[in-house]
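Turn these sequences into a full structure, and let the hints steer you where they fit.
Protein chains in written order, with our numbering: chain A, 114 to 539; chain B, 4 to 223.
If you are wondering where the hints come from, they were derived from the structure by calculation, not from laboratory data.
Keep in mind it's a predicted model, so treat the numbers as computed, not measured.
Glycine included, each C-beta is placed from N, C-alpha and C at the ideal position.
Quick look at which bits of chain A chain B covers, simulated, 3 or more residues with Cβ under 8 Å:
1. 183 to 193
2. 196 to 207
3. 212 to 219
4. 522 to 528
5. 531 to 538
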Amino acid sequence: MKLKQSKSVEWTKLDNASKYFPATANELDTKVFRLSCELYEMIDPNILQKALNKTIESFPFFKSILRRGVFWYYFESSDLIPEVSEESLSICAPIYNKNTKNLLFRVFYYHKRISLEIFHALSDGKGALLFLQTLVYHYLVYRYEEQFKNYKPALDYNASIKKKMDDSFNKHFIGDNGFTRNVIDHNKRIKAHRIRGKRTEENRMKLIEGTMSVKAVLGEAKKNNTSLTIYLAALFIYSIYKEMNAIERRRPIVLSVPINLRQFFESDTARNFFSTMNVSYQFRKEETELKDIIESITESFQKDLTVDKINYKINRLISLEKNPFMRIIPLPIKDYSIRMANKLVDRGITGAISNIGKVQMPEEFEPYIRQFTVCTSARRPQICMCSYGDRLVISFTSPFKDTEIQRRFFEHLSNKGIQIEISSNM
Amino acid sequence: MKYCSHCKVYIRGDKLQCTLCENSLPDTHDEEETLFPTVPLIFQSHLALRITAFISIAALVVSFALKEIFPSNINSPLFVLLALVTMWLSLIVVIRKRHNIAKTIMWQVSLLSILSILWDWRIGWRGWSLDYVLPISYVAAMFVMYITAKIMRLSVRDYIVYLLLDGLFGIIPIVFVLFDWITVYYPSIICVAISIIFLSAILIFEGENIKIELDKRMHI
Ligand SMILES: [Zn+2]
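Rendered as structure tokens:
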């Protein structure tokens, strides 16, 4: 009997933030998010495939598949070749399935739009954006070969492959020493207001995107002496508030806000490197105005968004992961505990808002690219936004049919004289 | 683009109603592009599974009814129940683990061992489960796993751990022989012999792969 020798396979541990996603992903919340780039012209699938083949060369980590070990999940490198396909699934449909060995991302095209959908364990918004930017870059360079024959536009993301695969959590945080007794947050666990509603068929995501001028919205934020993100977060809280009844108003509205750690700690990784913070607003008896909310959450942004606070929070999570008792617990039990803990945390959150920020592309591409958009699967209404040039796209995803919060949100902006284009998948 | 005068927003795509307020939009007679594909609903109802479930319940009910009408010493409803449990468990395992052949075979073997011992014990211990079923299924699994892996062109690392595990299972019947739990010896002896030869082969030829595979799966 002769068994053939096979080449050894590369594998990596999951970073601190990734560990949470395989445990909590399910049909209701797939932990998949989507980044899209809309051009002014129809997409050519062949060129897109060519661009994808080129892109994947510089992101070898994206060829990983996720597998279950006895104690932890791990990424295993694969020989699978990613293929582009015409969009045919509902938004952010499940990607990770523990019984199949498939890639953790997909690339779709539909008419004028290229979409990248990613399982969150593989990468975060910033990492995925790097991938999409590179993909669009290669697409346009191939598409306009003649024009860019002598002179290739510069893509300003040039991290080495090694740097892109960095586990930046491991690099910047050591975890505090000894066992963590204060694993559970001793801050009082507040119960937040939770939005309920009738779910869509098959629990599909309802996406409503509003596109508007960055300058115009920034102008509104300036009038209130605040930043774009805080202004829109406050407006989101205000829109939810307007839909609450008197009894519900006794509970605070809590928004979860992801923080890109690359702005605080040096990192070029295309993998997960983010943390989250919560901002909350407790209503008083009298009518609340938008400016009250803005004042209050500006304060919590200033208070919580410091390197010290972030260091403290992440080091605690890391020491939990490094705790010897935690490590020898078999994976199914770990998964179960993460799910339970997640349910508890969930009770304290009303919604989420995430700003990917400005998407930069070479100037030469300006005539071809209309806009970039980002959205995510969500258990509760969630806002994601990004901007390209002067086009700010605010995407609401929600598992519910009702659109009253979204209507109030956009209506407030349109009443300020801002021109809004709405697009939606249902 | 259509304009909703209630929400004061433009609506992109081929919509007839405003996305936000659901009021109908003015017909502009423009050729509007579709922005998202229409995804048909999937009905996750497997007719075959439903029929099997129905037959199972019917069989159980009929067996109970027959026992009431024609009393006998044999506890036939219990047999039917055990058979149904066996069938459903194997079915669930195959459906859930269908993407991992080696794992499926391992699960089936473990399930078969436990269920056959239960059966044997319920119908008055005759020892056929230990005599025949266990050793034969371990050896069979070893060959089936190796052959399917070759046919399906699985890479060695995808099934090597399961093969190793099954090889270790195959040594268990040595206990039956040593403690004299069995009446028929040759299946157990053959099983143990084959398992040891098999194990030494994979350890000698695939030791490195096994080590890598175990490192990955067991990292703490
Ligand atoms: Zn409207």
